[in-house]
Structures are given as C-alpha cells and as structure tokens.
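S.K.: Below, each chain spelled out in residue letters.
Number of protein chains: 2
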Amino acid sequence: MLMYNEDIKGFFSSREELNMPDYLTLEYYLECVGDIETALAHFCSEQSTAQWKRVGIDEDFRPRYAAMVIGLDVLGELPQLSYSVPHSETGKIHACRVTIAHPHRNFGPKLPNLISAVCGEGVYFTPGVPVVKLLDIGFPQEFLSAFDGPKFGIAGIRDLLKAYNRPIFFGVVKPNIGLSPEHFGEIAFQSWLGGLDIAKDDEMLADVEWSTLADRSCELGKARIRAEKETGEPKVYLANITDEVDQLINQHDIAVKNGANALLINALPVGLSAVRMLAKHTKVPLIGHFPFIAAFSRMEKFGVHSRVMTKLQRLAGLDSIIMPGFGSRMMTAEEEVRDNIQECLQEFGHIRPSLPVPGGSDSALTLEAVYRKVGSVDFGFVPGRGVFGHPMGPKAGASSIRQAWDAIEKGLSLDEYAIGRPELMAMVAVENAKKQHS
Amino acid sequence: MLMYNEDIKGFFSSREELNMPDYLTLEYYLECVGDIETALAHFCSEQSTAQWKRVGIDEDFRPRYAAMVIGLDVLGELPQLSYSVPHSETGKIHACRVTIAHPHRNFGPKLPNLISAVCGEGVYFTPGVPVVKLLDIGFPQEFLSAFDGPKFGIAGIRDLLKAYNRPIFFGVVKPNIGLSPEHFGEIAFQSWLGGLDIAKDDEMLADVEWSTLADRSCELGKARIRAEKETGEPKVYLANITDEVDQLINQHDIAVKNGANALLINALPVGLSAVRMLAKHTKVPLIGHFPFIAAFSRMEKFGVHSRVMTKLQRLAGLDSIIMPGFGSRMMTAEEEVRDNIQECLQEFGHIRPSLPVPGGSDSALTLEAVYRKVGSVDFGFVPGRGVFGHPMGPKAGASSIRQAWDAIEKGLSLDEYAIGRPELMAMVAVENAKKQHS
Numbered sequence: 001m002l003m004y005n006e007d008i009k010g011f012f013s014s015r016e017e018l019n020m021p022d023y024l025t026l027e028y029y030l031e032c033v034g035d036i037e038t039a040l041a042h043f044c045s046e047q048s049t050a051q052w053k054r055v056g057i058d059e060d061f062r063p064r065y066a067a068m069v070i071g072l073d074v075l076g077e078l079p080q081l082s083y084s085v086p087h088s089e090t091g092k093i094h095a096c097r098v099t100i101a102h103p104h105r106n107f108g109p110k111l112p113n114l115i116s117a118v119c120g121e122g123v124y125f126t127p128g129v130p131v132v133k134l135l136d137i138g139f140p141q142e143f144l145s146a147f148d149g150p151k152f153g154i155a156g157i158r159d160l161l162k163a164y165n166r167p168i169f170f171g172v173v174k175p176n177i178g179l180s181p182e183h184f185g186e187i188a189f190q191s192w193l194g195g196l197d198i199a200k201d202d203e204m205l206a207d208v209e210w211s212t213l214a215d216r217s218c219e220l221g222k223a224r225i226r227a228e229k230e231t232g233e234p235k236v237y238l239a240n241i242t243d244e245v246d247q248l249i250n251q252h253d254i255a256v257k258n259g260a261n262a263l264l265i266n267a268l269p270v271g272l273s274a275v276r277m278l279a280k281h282t283k284v285p286l287i288g289h290f291p292f293i294a295a296f297s298r299m300e301k302f303g304v305h306s307r308v309m310t311k312l313q314r315l316a317g318l319d320s321i322i323m324p325g326f327g328s329r330m331m332t333a334e335e336e337v338r339d340n341i342q343e344c345l346q347e348f349g350h351i352r353p354s355l356p357v358p359g360g361s362d363s364a365l366t367l368e369a370v371y372r373k374v375g376s377v378d379f380g381f382v383p384g385r386g387v388f389g390h391p392m393g394p395k396a397g398a399s400s401i402r403q404a405w406d407a408i409e410k411g412l413s414l415d416e417y418a419i420g421r422p423e424l425m426a427m428v429a430v431e432n433a434k435k436q437h438s
Numbered sequence: 001m002l003m004y005n006e007d008i009k010g011f012f013s014s015r016e017e018l019n020m021p022d023y024l025t026l027e028y029y030l031e032c033v034g035d036i037e038t039a040l041a042h043f044c045s046e047q048s049t050a051q052w053k054r055v056g057i058d059e060d061f062r063p064r065y066a067a068m069v070i071g072l073d074v075l076g077e078l079p080q081l082s083y084s085v086p087h088s089e090t091g092k093i094h095a096c097r098v099t100i101a102h103p104h105r106n107f108g109p110k111l112p113n114l115i116s117a118v119c120g121e122g123v124y125f126t127p128g129v130p131v132v133k134l135l136d137i138g139f140p141q142e143f144l145s146a147f148d149g150p151k152f153g154i155a156g157i158r159d160l161l162k163a164y165n166r167p168i169f170f171g172v173v174k175p176n177i178g179l180s181p182e183h184f185g186e187i188a189f190q191s192w193l194g195g196l197d198i199a200k201d202d203e204m205l206a207d208v209e210w211s212t213l214a215d216r217s218c219e220l221g222k223a224r225i226r227a228e229k230e231t232g233e234p235k236v237y238l239a240n241i242t243d244e245v246d247q248l249i250n251q252h253d254i255a256v257k258n259g260a261n262a263l264l265i266n267a268l269p270v271g272l273s274a275v276r277m278l279a280k281h282t283k284v285p286l287i288g289h290f291p292f293i294a295a296f297s298r299m300e301k302f303g304v305h306s307r308v309m310t311k312l313q314r315l316a317g318l319d320s321i322i323m324p325g326f327g328s329r330m331m332t333a334e335e336e337v338r339d340n341i342q343e344c345l346q347e348f349g350h351i352r353p354s355l356p357v358p359g360g361s362d363s364a365l366t367l368e369a370v371y372r373k374v375g376s377v378d379f380g381f382v383p384g385r386g387v388f389g390h391p392m393g394p395k396a397g398a399s400s401i402r403q404a405w406d407a408i409e410k411g412l413s414l415d416e417y418a419i420g421r422p423e424l425m426a427m428v429a430v431e432n433a434k435k436q437h438s
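Chains as they are written, first to last, in our numbering: chain A, 1 to 438; chain B, 1 to 438.
This is chain A alone, in the form it adopts within the complex (with noise of 0.2 Å):
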C-alpha cells in the first residue's frame, strides 16, 4: 500500500498512548534507506496491517491490530549499508535502533506464530530497511502468563545432585562419535567416579544404529546407579534425545525409564515449540544445546541477538541452557557471553532461572575465569576433552576439574594446588609445556 504522510502517523505512537499489557516490545538494529519514517512506517505495516481497511469501506483496523513506533534513537549516517543486500529504495543511509510495540493479539502466546511476527518476512522484506537486527524482547506479564517455562529450574538441578554452593560440573563423554554403548558407560562411569556430576551425550550424538538411544540409556542408565553407589553422591547421566519432533517423547520414556535422569536436546534443530511440548511432558530437566543459533545470530548488525535466542528456550522450558562461553575460541564477545548469562538468570515474571553453560573448550585450567567471568556458582560447567582427553583418562580429568575449584574455594593458586595433586598436575603440565612451544 502505498504510504501518504497520514498513513505514516497511524504507526506510531508511545507507550502512555497505548495499553502496553496488550502488546510485546521489540527491540532492533535497523539501518534504513531513504526517509526514516517512512521507513519505519513500512517496518511496523508489513509485520502487523500490511492493508489496513477494506477497499471501499471506511475502517482502519491499526489502533487494534499495528505494530506501531514507541521509540527511535537514531544513531547517525552510514556511507554504506554495513551489509551488501539488493534493495528497492534510494536515499541516504541511517542506522537506528527502534521499539517497537507489537500487539500480541496478533497471534497468541505461541512460539512459532512469536517468531513468524517478529523474525518473519514482514521484518525482513520491508522496503527501505535491507539491514536488520531483532536485539531483544519485551514480554508482559498478559502473554508471560500462558507459559510454564523450566520445571525445575537451577534449584530443581540442585536438589536432584544436592550440590549447592558451587557451579554444576558436565562433562561431554568423548570419543562423541563412535563408542559402543558399553564402553561409553565405562567412560561416563570413570568420570563420575572422578568428581563429575553430569556425563552427557555429545549434542551429535542422538539415537543411532550403533548406539541406540534404548542401549546407551539402559548401559549409562545403570553406571549411574554403580557410581552413586560407589561415590555416595547422585550422578546424572544427560541423554540426548535429539530426534524428529514425532518421536521425542517416546524418546523421553525410553531414557528416562532406562535411567537418563536429565535430557538433553538441541533446540532450534527440533524447534523451540518442540522444546515446549516435552517441557509439559517431561519428568526430568531438560538441558538445551546450541546448534544453528550461530548462523543467525554471530553477524553484529544482521540477523537475531543470540539473548533473544536464550529467552525464548528459557520461555520454552529449559531447565539450562548451554551457550558459546568465554572466550575467542567461541567467537562470541564477553559482553554477549554476560546477555545470554543473565537471560537465564534475571527476574522474568513467574518464569524459572534456567542454569547457565557457557561452554568451549574448557578444562580445569579455565574454570576460575569462568566462574570470575559468570560472577556467581550459578553456572554449569562443561568440559568435554578437557577431561576425557585427559593424558591419565577421564576420572583422572574429572578430578582436576574439582581439584581446581577446591583450589578456587580456598583461594589457592593452580600451580600451588597441583602439587601432590596428579590430576590436575597433569593439566597444569599441559599448560606449561604449551607456554613454553609458543
């Protein structure tokens, strides 16, 4: 349709003007081509009334139903768009940032239909506005209230292992790929024995021919049991039950009934509306992964926040959240590591904490700027070779994990700690011996 100078007006608004309870408040990088209201007219038209009254009857259905322009901070002028994308429109180059608010009734307190509104084509096929960025979501309570979010929750976690006062300790049972049922236990239970609290199923590694789901579960399934007998500390065994979205909850039964205590599954893979369907389900905590969220979310201007990403699994009931940690081995910046962190972790209506794992590429010689990095125990901690490439195996990796936070509890240096201390000598060692080659 096109925008004359009053139809432009109908889209925006403020928040005093409108009844906010009735509507989501979006956040977005946008960098818009030509006139910026016009623009941004267009930006909130084609995600909500794209055509806003019948032809020939006098109606105008955009004080109900239009997303509409609540704020707008316009950065400055850009020679360029940031990013190459063909595009209609002619004019000078903004970038802004702008809420807007968008009326929930739009489409109701469900997932996928939340992610057509404000992923969709409308906020990425709008005229004027090739480059865009959706930075984050404000819910109110009136959409909130539909949702269960996590079941149990980081104190759920907590009560299930009575570990309390520290972080969670995962480990990712490696070889990922490969293993005989059998041998993995073997190796999750030597883990276990080590200090471990978590032994988990690589995020690849799902329901396959040569380690099915029924077999992995029922070996792990009593390791479990073998090694809470043996350490007198409950164990989980984390499966993943990453599978067609027909299947995950005859994929839940078989885990758990084998002995999975917790449940591991990746969720934009499956979808986020998959996730919450085995959260109402689920008699366990489900433990989210990663995969796909990076090819939306690493670009800095174009695409999705990956914060978004962290409160949508968190709306949709993860029970912890595992994400790109620290570090420039996971090329995400610290700041965007602390957002997902505190998106499981900050107040959020009646909805649960979710545990965060920020993981990558961790041994016990990262764990203390981690824990410095998170700011509190509330966190999981995830190794994968870090203890099962361990030079003296995976119990021995386990328990430099915890003799590192020992070490950190009693404000101890590592170097100190190692000594008479193999296991975590060992790492220590490693560390050394790579200073010295570089």
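Rather than coming from a laboratory, the hints here were simulated on the basis of the structure.
Be a bit skeptical, because a hint or two may be false.
Identical copies go unnamed one by one, so any copy, or any two together, can satisfy a pair.
What the hints assert, rightly or not - In the DMTMM-like style, the derived pairs of lysine to aspartate or glutamate whose C-alpha atoms are separated by at most 20 Å in a straight line are:
hint	residue 1	residue 2
1	Lys-280	Asp-148
2	Lys-9	Glu-46
3	Lys-53	Glu-186
4	Lys-434	Glu-416
5	Lys-53	Glu-182
6	Lys-283	Glu-336
7	Lys-222	Glu-59
Please build the complex by placing chain B on the supplied structure of chain A, with the hints as guidance.
M.R.: What follows is chain B alone, placed relative to chain A:
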C-alpha cells in the same frame, strides 16, 4: 585435540577412496585463518569425531565416523575477514570453497540431527574458520530413501484444481490481520469468482481469538463450495495452521473437516521436523511459507544458503514452497531465486517436485516478468494487495491477474489487452500514474 601432521591427513580423502553412498556431500564457503589444511581438518573433526580415540587405547574412529575433505578450491587470499568475528587463530586469511563428505551414520535420516551436523556447533565454532556459509547438501539415495517428501507435489495440486499448462493463481487475503471470519470469507469468495485458484491466509494469520481457525475455516469452507458452484471450477482455501507443534495434527483435522483443502505452515518457525510429521498425516497439500529464513541466508558469505532450506522443505514434504521472489523489492539476487525454483523442480531421487511460489508485491503487472524468469508454467503466483487492494475490489483484482495471463498466452501487451477490460485497465492505469509521478 591438538592436531599434528599425521592427524590432519586423517581428515582428507577423495570420492574414489570413500564409499560415497555412506556420505552426504556438503558444500561450504569458508574463510580460513592460518594454515588452510589445519583449519579444514579441525572443521571436519569438530563436526564429527572431535576426539577419535580413547586415551591409552590404540584405535581410530576416523575411517568410519570422520567427516572428510574431498574437494578444495582456494579462491584467494583476503586482506581481512568479510565480516568482523572474534576468533582465536592468527595468520593469513583465505577464502575457500570446500566439499566435505559427512558420514550419515553419525546421525541417521532425521532432520533435527542432520541440521545439528551440517550447521551446528562444529560448523560454526571451528578454530581457524570464523566465517562459514553452508551452500548445498547432496544426499545419496541411501539417505533419501527414508523420506517420503511431498504427498501431492505439483501434479497433485494441478489435479486438485484441474489446472494444467498455466501457473497456479494464489492470493493472500487482505486486510491480512483484523478481518472477522465472515468478512474474510466474503473477500475470499469474491477473489475466487474473479479467477483465483487459491485464496490463502496470510502467514501471520493463524488461530487467534478474534478469528479462530475453527470459525474461519468453517466460513471459508462454505464460501469455497459456493464459489465452486458459481464458477464450475475447483477452488482451494489455504488455511494457515501454523501453531505449537503439539497442536498441528489437531489443527489439520479441524481445518480439513471444515473445508480447507490445502494447509499453510511456516516451516522454520514450527521446525522442519514438525513439517515432516504433518506431511505424514496430511490429507491435503501442504504449502510452506518462509519466515525466519532470511535471518540466516541473506548474508552473501555467512550462514546458510536459502537453496539448502528449499531442499530441506521439499525433503520434509511440502507440496509447494513460497519463497522470496524476483526483483530488488524482495532483497534476493535473481540467481538465488532461480536456485530456489530449481531446487523445487529438479530431479531429487524419488522425491516429488514441489510447486515453487516466488512472491513479493506481485500484481497483474508483474506476472509476465515472473513467468519469463521462471521459464515454465510450473509456478504459483501470489499477489496480496495486487488482488485485494485493487481499486475495484478483490473480484476485479483476481480478474486482472487472469486477464494478464490471457494476454501472455495470446502474446499481447497488457496495454493492448486492457482495452475493454476495466479490471486490467485499472492496474495498468495505476502503473502509468506511478510512472508519471516518478
């Protein structure tokens, strides 16, 4: 795992050395930092066997479980990464086109696990490979055979409509958000009378309090029967059942019982696996819409190429795929639109062709250009405001589309053919007014 020279070799092979039916072939654009072969070995390792032996045991999981480089084209050295991404490696930067053989036994014929493998953590978090675009996936018949693909395909849609040797004429009922089911039905009815084959819900309109799917499909089902009686032609009401995945089967059943004879689903927002589930169940053709895809496909050198998503949507069972169409309005290069159309139509094992629907601000005025660019009649044409914003109303809007097709068939210009046809003339006049205005 540290990579030594002999380790790197384990991730390189050739089509001749491998049993290719065991492998998917993945095409990537990569920007590698530092030694190219080391980076590529990591790239393969991270997406498959990140640790390929147990500590202290002489074994090697790579021959059976490793992804391997089977093709490498170094495109050239770059002065810097195409996009600023934090990363840990240093050295020269090279743009590469890489073909990787990825063993599908690592995950099996399951869409969420496939997605986790080909655009998961391994792919986007490999040291030395901060910039990645997945360009294509090749499937051996051994993998494809587990999929049913579209139940109806192009032939099924044509048979339903008894419409052959011409494009299929869709229209998105507008106003898209805000109409009562009764008014929505009346407008769709008019558009069918004017000559549309398929009147469709907007991708943003699903099951909402003010227009429940039950009420709307009931009104539209009745209106469709009336239109079929009046015109003597089969008509389709395409109902949008996008919803939480545990509601999809139920929504299918409600809509179909009430007279919807095709269903719209926002594929990525519900998840491709949910589409596959629905395709197994459906009694009517399934048409997919494209929200969210632009968020990870628009960057030229990062993310996932849209052709991969078209291929996966076809594999999941969509009988027709709506996609961003031609022209800078839709911010998609012409070659990319052609790639996506081809993905719908080309030979794909036993998987039926899907009807491609390249869309975006179409009208009687754009039909010929789209037809010429598609190069065949096997496409759907999907105006919104071009039909429902027509100055003489939706019946005239639909007529203008059919008149435009008649003109093409007769080899006449629109200007010529519009004489004595006020519906088409009104559209031609709009265009002429615009030309004068600009």
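S.K.: How would you label the pair Lys-9, Glu-46 (within, between, both, or neither) given a Cα cut-off of 20 Å?
M.R.: This pair counts as within: shortest intra-copy Cα distance 15 Å, inter-copy 52 Å.
S.K.: With identical chains treated as interchangeable, where does the CA-CA distance between Lys-434 and Glu-416 reach 20 Å or less: within a copy, between copies, both, or neither?
M.R.: Close inside one copy (19 Å), not across copies (79 Å); limit 20 Å.
S.K.: With identical chains treated as interchangeable, where does the CA-CA distance between Lys-53 and Glu-182 reach 20 Å or less: within a copy, between copies, both, or neither?
M.R.: For Lys-53 and Glu-182, only the inter-copy Cα distance (15 Å) is at most 20 Å; the intra-copy one is 66 Å.
S.K.: Between the shortest in-copy and the shortest cross-copy C-alpha distance, which are at most 20 Å for Lys-280 and Asp-148: within, between, both, or neither?
M.R.: The answer is within: 8 Å in one copy meets 20 Å, while 29 Å across copies does not.
S.K.: If the cut is 20 Å between Cα atoms, do Lys-283 and Glu-336 qualify within a copy, between copies, both or neither?
M.R.: neither (32 Å within a copy, 45 Å between copies)
S.K.: With identical chains treated as interchangeable, where does the CA-CA distance between Lys-222 and Glu-59 reach 20 Å or less: within a copy, between copies, both, or neither?
M.R.: neither (67 Å within a copy, 26 Å between copies)
S.K.: If the cut is 20 Å between Cα atoms, do Lys-53 and Glu-186 qualify within a copy, between copies, both or neither?
M.R.: For Lys-53 and Glu-186, the Cα distance is within 20 Å only across copies (14 Å; inside one copy 67 Å).
In summary, the numbered hints that this structure violates are 6, 7.
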